[in-house]
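Engineer: The primary structure of each chain is shown beneath.
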Amino acid sequence: MGMLDLAAANLLSPMVLFFALGFLAAIARSDLTIPEQIAKGMALYLMLSIGFKGGVEVHKSGVDAKMLGAAAAGIVLSALIPLIGYALLRATSRLSAIDAAAVSAHYGSISIVTFVAATETVRIAGLSFEGYLIAIAAIMETPAILTALLLARRAMPERKGEPLGALLHEIGFNGSIVMLVGSFIIGAITGPEGMKMISPFIIDPFRGVLCLFLLDMGLVAGRGLREGGRLLSPGVVLFGLYMPLISASLAAISCLLLGLSSGGTALMITLAASASYIAVPAAMRLALPEARPAIYLTLSLAVTFPFNLTLGLPLYLWLASKVSGG
Amino acid sequence: MDMHRKKRIEIILEAPAMNRLSTALEAAGVTGYTVLPVLAGKGKTGAWTRDGLVGGAGAMVCVICITDPARVDAVLERIMAVLSRQIGLVTIGDVDVVRGERF
Chain S
1 MGMLDLAAAN LLSPMVLFFA LGFLAAIARS DLTIPEQIAK GMALYLMLSI GFKGGVEVHK
61 SGVDAKMLGA AAAGIVLSAL IPLIGYALLR ATSRLSAIDA AAVSAHYGSI SIVTFVAATE
121 TVRIAGLSFE GYLIAIAAIM ETPAILTALL LARRAMPERK GEPLGALLHE IGFNGSIVML
181 VGSFIIGAIT GPEGMKMISP FIIDPFRGVL CLFLLDMGLV AGRGLREGGR LLSPGVVLFG
241 LYMPLISASL AAISCLLLGL SSGGTALMIT LAASASYIAV PAAMRLALPE ARPAIYLTLS
301 LAVTFPFNLT LGLPLYLWLA SKVSGG
Chain P
1001 MDMHRKKRIE IILEAPAMNR LSTALEAAGV TGYTVLPVLA GKGKTGAWTR DGLVGGAGAM
1061 VCVICITDPA RVDAVLERIM AVLSRQIGLV TIGDVDVVRG ERF
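From first to last, the protein sequence lines stand for chains S and P. Residue 1 is where the first sequence starts when you use this note's numbering, and the numbers rise one by one after that. Residue 1001 is where the second sequence starts when you use this note's numbering, and the numbers rise one by one after that.
If you're looking for bench data, these hints aren't it; they were derived computationally from the structure. For each residue, glycine too, the CB sits at the ideal point set by N, CA and C. Accuracy of the hints is not assured; some may be wrong.
[Claimed, not checked] Derived, one-sided and incomplete: chain S residues facing chain P with beta-carbon distance under 8 Å:
1) 33
2) 43
3) 219
4) 225
5) 227
6) 229
7) 279
8) 286
9) 294
10) 325
[Stated by the list, open to error] If you only want the chain S side, here are some residues facing chain P, beta carbon under 8 Å, derived:
11) 36
12) 91
13) 192
14) 220
15) 228
16) 277
17) 285
18) 289
19) 297
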C-alpha cells in the first residue's frame, strides 16, 4: 500500500473520525462531554487490553536478544530526544529554559494512546508486531523526565540538591504504568489459556471502546486548543509538528540495527514520535511546577497528538516498510 | 449544647500534589481531613474542567481539615512547604464544632 493509500485509509477510519468529531464539538463549544470517571475507566480498560495481549505474545515467542536491544534503544531515544527538543525550542522560540525543559520531556516520553491507536493501524494493515514492545513503551516513559529535570536544574541552581526519590516513585507507580506492566506480566504468565478466558472482554469491545476514548481525547484536545492555543507561538506550534518527525527518523535508524518486523518498527517509530499527555504532565506538576502546563499540555495534546493520529501513523507505517523492507 | 471554636482550613490544589499534601497534613498532626473532587473553575492560570481527563494534570481537588487554633501556624507551614510552587488556594475560617476533643 502506498503512502497516500495508507493516509486515506487512516483518515477515514472510525478511530480518527471519532477523534475529529470530539475535536470539532469542543471547538464549536458543544456541551458534549465524557465524565472523568468514564474516561479513566476506558483508559484502564485500554491499558489492560493492550498490556495483556502483549504479554500473551511474549509467552508464545519468549524473550530474546532483540527485546534487550529494543529496550536499550528505547532508553537511549527517550533520554536523547529531550536534549534535541530543548536545544531546538531554545533556538526557535522564546520559551524559558524551564518551559522548554518541560516541553522536551513530553516529546522524549511516549503517548500510550497514540501507541494503542498505532497497534490498530498496524493490525488493519495486516501486520503483526513483537508483543514485548508494550514493555518498551513503559520503559520509555521515565528517562525523558530525568533528562528534562537535569536541563531545568541547570537553569535553577537552587533546586539542584532536591532529592528525586519521591518523584521516581510517583512516576514508576503511576496508575497507567502499573496497569500496563501488570497486565503485561499477567498475560505473559497465563498465555493463550488466559487469553481464551477473557478474550470476550479484552478483544471484542476493544475497537468500540477505543473509538469512544478517542472521541473523549478529541474533546479534551479541542478544549485545550480553545483555551490554551493563544499561548502557543508559531515557533512552538511548528515544534509540535516537526519534532515527531525528527524523533521518528532517529527511531527508524535504531530499528535498522534492531531488525524488528515491519509492524514492530512502525510501533517503535510511533513510540519515539509520540508525546506524553498523561504521565509526564503529572510528573511535571510535581517536579517543575514553575513550567506552564497550558503550554506543554496544549502542545502535546492539541497539536502533536492530532498530527500523529491523522498523518503521523500512516507516515510511520510507510517509513517502517522502507526500513524493514516489508 | 457546648460548642468549641476551631479553625477550618480549605485547600484547593492540583490533583498530582494530593499525596504530598496528605503526608504533610499527617506530619503536622492534623487528626483528619476530607478530600472533595471539584468540577471546573477558572483562575490565574486559566479555565479548567475535570470532564474527560485521564491524567491527574489539569484536575483540582479540595481538601478540608478542622484543627485547633493553637496548631494552625504549624499546619500552615507544612501546607505551604507543599503548596508554595503549585497551583492552588488556601483559606482559613472560624467554625464551631460539637465534639471539640476530636480536633
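Engineer: If a hint holds in the structure, say so; if it does not, say that too.
Structural biologist: Okay, the hints, checked on the actual structure:
no.	hint	verdict
1	33	4 Å, holds
2	43	5 Å, holds
3	219	5 Å, holds
4	225	13 Å, violated
5	227	6 Å, holds
6	229	11 Å, violated
7	279	7 Å, holds
8	286	5 Å, holds
9	294	6 Å, holds
10	325	37 Å, violated
11	36	4 Å, holds
12	91	27 Å, violated
13	192	30 Å, violated
14	220	5 Å, holds
15	228	7 Å, holds
16	277	7 Å, holds
17	285	4 Å, holds
18	289	4 Å, holds
19	297	6 Å, holds
Comparing the model with each earlier hint shows violations of hints 4, 6, 10, 12 and 13; every other hint is respected.
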